[in-house]
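A.B. asks: The lines below spell out each chain.
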Amino acid sequence: MTAKTSGIKVALKSFFSQREEKPYVNPYLGGGLLGLVLFFSFFVTGNGLGASGGVNRILVFVEDLLVPDHVDRTPYLIKLAGGDLNPLESWIVPVTLGVLLGGFVSGWLNGRVKVETRKGPRVSKQTRWLFAFVGGAFMGYGARFARGCTSGQALSGGATLSAGSWGVMFAIFGGAYILAYFVRRLWT
Amino acid sequence: MTPFPLLLEAILGKYGAYLVFLVIGFAFGYVLEIAGFGNSKKLAAQFYFTEMTVLKVMFTAIVVAMVSIFGASALGLLDVNLIWVNPTYLWPGILGGVIMGIGFILGGFCPGTSLVALSTLKVDGAFYVLGVFFGIFVFGETVDLFDVFWNSSYMGRITLDQVFGIPTGWVVLGVVLMALFMFWGSEQLERIFGGMDPSSAPKLRYVGAGVLVAMAGAGLLIGQPTVADRWASLEAEKSAELAAREVQLQPGEVLHLMHDPRLKLVLLDVRQEAEYNLFHLADAEHVALEQIASIVPALQLEPSNTVFLLMSNDELAATEAWKVLVALSVPNVYILEGGINGWLEAFAGEDTRILPISEPVGEDKLRFTFEQALGAAYHCAEPDPHDYDLEYEERLKLELKRGPTGGGCG
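Chains A and B supply the protein sequences, listed in that same order. The numbering of the first sequence is the numbering used here, which starts it at 1 and goes up by one. The numbering of the second sequence is the numbering used here, which starts it at 1001 and goes up by one.
Rather than coming from a laboratory, the hints here were simulated on the basis of the structure. Note that the structure is predicted; figures quoted are calculated from it, not measured. Misleading hints may appear alongside valid ones.
In silico DSS-like links for lysine-lysine, alpha-carbon gap of 27 Å or less [claimed, not checked]:
1) A:K114 / A:K125
2) A:K125 / A:K22
3) B:K1365 / B:K1014
4) B:K1203 / B:K1264
5) A:K125 / B:K1041
6) A:K22 / B:K1041
7) A:K114 / A:K22
8) A:K22 / B:K1203
9) A:K114 / B:K1041
10) A:K79 / B:K1014
11) B:K1264 / A:K79
12) B:K1397 / B:K1264
Using the sequences plus the hints, can you model the full thing?
C.D. replies: Laid out in structure tokens, this is it:
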């Protein structure tokens, strides 16, 4: 084996081995960077950021494979995948895939990619998983109801001063704060 | 003409544009991860006042993006009329928001952050994403049960400056100051509930706050471009189009377009209301010339195959309205050549209730008298295309709409 190939091997090994977990950046710095990404998106493409829309379209794509007739009979789904429409043909789908990729790369570089469950000290893992699923279901339902989630409404609509988006944003925080006391066992 | 946003699909092709969106998504996911948004405990701590990371990150992002967007607009680099502004459905938005808040505190994520948690192999994130899929699936199956409510309280593209009736620059500055106040309050709450010491946070954040206030102040001083500013930057190019009569559609072409199912023809009549009541084209909407700018947000939401046709008695008022709409970046705006007078000359021939006035009436005045104010009930308001075989020069050229077509959360 030449010295060169073993050098590559060592480099690859160090890249794929578990890195040391680094701390998160300061929230104001993180927020500032997020703001610049959001601005760049609006500046170049005219669109903001989003997440639930991409998940929605991936779901409808699968539905269209399994039960195309049902999709063609449901008004809400027709708009996304009726007839020849491909629900994946939308800007939001590559954005959503990019989020997965970017999250992974950052997690990898900072030693935060590992199988684990983040939870409050007073609940079991299984309880945490159950509530994660239930919470996700509420979030998914609410995000479609409000025509956008925290990214598409609160963040993107907030920055463009959309009146409705500011209403959605305060409703999200309001709903969470009102319920927080009653479910404190989950987190504290 | 304002150079941004770009017409990505025309420059890069569909897949090139998707690549740009992939890069934007990548940066989005990367930044969410380094800010700690892949960690449900950090997110939930927001609601127990122990760690206010969610509020700090979100509002810093909103303020930075907002100041940059309206700053770029003030400098004439970015056309805010071409960026996607979420249309307002007030009550469905608020109810959906409350439901999302419930999901947030139960599950510890929002959709974007749960994707980041999933990509860094957090099991709770994976269960959450499954839940999001399930919730979206249930929504798609149930929305038709309450679609009346879901489509209610629609206000279109309405922004905070319109709600409060003050210039955009003041709203931007106000939001910056409100965010700074909330950051100060968050640090106090973290001190009380989380035992954190605000004085240990980097002093650089004061510099950041100063820069944001300065940028908002500068944006306020420069001001957002007015209709006149916007027209001035387009005048050379667009006046030539007017002079070459590239944007005046002849009655024969309009009659043809009225019956073209591939297009949505929106007829805007900018004459006096009394004249509109005497006679107007079928489906024409009356808009006072002074108010034409106020309907632009609604026009921007029309699909990309929409053609807007302006009309006055001759062409004078319609041309003024055309300048306003073009300055405000409405695509595919045209003028009815010869106006209503020209239309009546072409189509009112046999109707004895409509008589031409023989003496001169002055420019842009109605040259016909009507037996009754029947509006669009006269036959010539909607002539049968099979009865006429008018010669015309095809002038309509559909232009691609810049900016987002679908928009929002897809």
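A.B. asks: Where does the structure disagree with the numbered hints, that is, which hint numbers, in rising order?
C.D. replies: The structure breaks hints 3, 4; every other hint is satisfied.
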